[in-house]
Amino acid sequence: MIKILKYSIYDLGRSHWTFIYFGFYLLIAGTLLFLGGDVLKAIISLMNIILILIPLISTIFGIMYFYNSRDFIELLVAQPVKRSSIFLGQYLGLSLALSVSFLLGMGIPFLFYGLKDSGQFMNFLSLILTGSFLTFIFTAVAFLIGLFNENKIKGFGLAILFWLFMAVIYDGLFLLSLLMLEAYPIEKLALGMTVFNPIDLSRIFIMLKLDISALMGYTGAIFQDFFGTATGLTITILALGLWVFIPVYGLKLKGNAKDF
Amino acid sequence: MIQINNLHKSFGKLDVLRGLELTIDSGKTVAILGPNGSGKTTMIKSILGLVIPQKGEILVNGNSVKNNWTYREEISYLPQIARFPENLKVKELIKMVQDLRKTLSDPEPLISLFGLEKFLDKSLRTLSGGTRQKVNVVLAFMFDSPIIIMDEPTVGLDPIAMIKLKKLIKEEQAKGKTILITTHIMSVVEELVEEIIYILEGKIYFRKSLAELNGTVKKIGLEGVIAEILEEV
Ligand SMILES: Nc1ncnc2c1ncn2[C@@H]1O[C@H](COP(=O)(O)OP(=O)(O)O)[C@@H](O)[C@H]1O
Ligand SMILES: [Mg+2]
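So the protein lines, in turn, are chains A and B.
Our numbering runs 1 ahead of the 1-based position in the first sequence.
Our numbering runs 12 ahead of the 1-based position in the second sequence.
What the hints contain is simulated information worked out from the structure, not anything from laboratory work.
Remember, it's a predicted structure, so these values are computed and weren't measured experimentally.
The reader is advised that the hints may include incorrect statements.
As the list claims (entries may be wrong) - Straight-line distance between alpha carbons at most 35 Å, and here's what the computed DSBU-like set of lysine-lysine pairs gives:
#	chain 1	residue 1	chain 2	residue 2
1	A	LYS7	B	LYS114
2	B	LYS176	A	LYS4
3	A	LYS259	B	LYS134
4	B	LYS107	A	LYS7
5	B	LYS114	A	LYS255
6	A	LYS83	B	LYS231
7	A	LYS153	B	LYS78
8	A	LYS4	B	LYS130
9	A	LYS253	B	LYS176
10	A	LYS253	B	LYS25
11	A	LYS83	B	LYS107
12	B	LYS178	A	LYS153
13	A	LYS155	A	LYS255
14	B	LYS230	A	LYS83
15	A	LYS153	B	LYS103
16	A	LYS4	B	LYS230
17	A	LYS83	B	LYS178
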């Protein structure tokens, strides 16, 4: 697997897109910090951006990279290489390249601005952690969609639809169901539904970490009420971990069963 | 040695292989013949683990291919349709495939045999079909594997390259390799092969040694012989 990982990192290292992605974070984090002048405010603004953008970019890169590597994959499956190493190696290659671009693009401006003395280090770290989780989750789902769909257009459409659902539609359905089920013990329902959306989970994780009740939102407040901050953080991280594990495991299973 | 027992493979509703049985002894060269769409490529891909059969067993040198990948180290494979990462240069591709295998390889003599030196720095996207097929041949023959599997290797090759390929195959035969080849070119079969295996409707329809057919082949040609057998059965 290390060899496959090496090839895909090498390949992505030559791609302009990785650098554009890095440059984007550099620019946006730098602007917010140096023009805004407040680390906490910058973290909150960045949170709102990355919760939408990381899933979108990971989905698009994931599905495009998967389809672009089809020839490479077909060459590899005939070689003495383990099937699951091929898919996992490619997946790790892309997820790592995106996460590292994100980490560096955010880290460099924050370090220069004086993250160390701002007292916001852990909050910054929670932003990086959830951003990386979202990268690994949405890349994995995009790969899985690609693996199940030979047809590029259909695969691309489904992947975007998945993003749209998680980023936009889900919240609407969520509110709607809360309104319709007024009498029901809606707190538990709200908690349950959150677990099925990695973007919500990430938002709640950062909110619990920042611990600003005004920004907490409905589900964040319930989470804090129900579990307290520490348990709430643990639960959201575990749920995010499952969100990585399940599609990656699906990748392995489907990869082993596929005909080439 | 390659052993196939009761192999079944369908794609959706299409039953391609229906209980195929086949044994190929070490050191033998056999041709797999059969009409288009009869399942030759599917059988070969099953041996390589590219296609996962629904039922049956395949053993390569005694090892089951199921959930196994190490046995591919013993096989050189020349696919019918070569798919390469298109932005790689030819020499990068060769290096990559070398890197993926543990076995020693020696591409230089093959590169000069097919005159590929001037293409080494070209990206695969720019190559003509015939040149791609030559690259394909280099990738398969640069390893010294005991088993060689070729799926319509002559497609796209010019007559000179074809003669060179036949010569290569003869050299490998002399080293005692097990060789499996599908082709529609009868001269390839007549010159190189000891046995023909004819696949029809997902099963082995007949299997004959060329020596056994020799007399008739001289009279009416190999195509004639095959047509005759197909009518008989
Ligand atoms: N991956 C696949 N999905 C669906 N059908 C396939 C696939 N591969 C092969 N087939 C079908 O299986 C049949 C046998 O194909 P193949 O083994 O390539 O035949 P041959 O090599 O003998 O010409 C054909 O009808 C082909 O369309
Ligand atoms: Mg074929």
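Proposed proximity, A:LYS255 with A:LYS155 (alpha carbon, max 35 Å): holds, 18 Å
Restraint check for A:LYS253 with B:LYS176, where alpha carbons must lie at most 35 Å apart: Given that 35 Å is the threshold and the Cα spacing comes to 42 Å, the pair is violated.
Restraint status (C-alpha distance of A:LYS4 to B:LYS130 at most 35 Å): holds, 28 Å
Given pair status - B:LYS107, A:LYS83, alpha carbons within 35 Å: holds, 19 Å
Hinted pair A:LYS4 and B:LYS230, Cα distance within 35 Å: Not satisfied, since the Cα-Cα distance of roughly 53 Å exceeds 35 Å.
Pair hint outcome, A:LYS253 versus B:LYS25 [Cα-Cα no greater than 35 Å]: holds, 25 Å
Hinted pair A:LYS153 and B:LYS103, Cα distance within 35 Å: holds, 29 Å
Pair hint outcome, B:LYS114 versus A:LYS255 [Cα-Cα no greater than 35 Å]: The given pair, whose Cα atoms are some 27 Å apart, holds under the 35 Å limit.
Distance restraint between A:LYS7 and B:LYS114, which requires alpha-carbon spacing of 35 Å or less: holds, 17 Å
35 Å Cα cutoff - pair A:LYS83, B:LYS178: holds, 32 Å
35 Å Cα cutoff - pair B:LYS107, A:LYS7: holds, 14 Å
Given hint B:LYS231 paired with A:LYS83 - CA-CA distance at most 35 Å: violated, 50 Å
Hint check: violations occur at hints 6, 9, 12, 14, 16; the rest are consistent with the structure.
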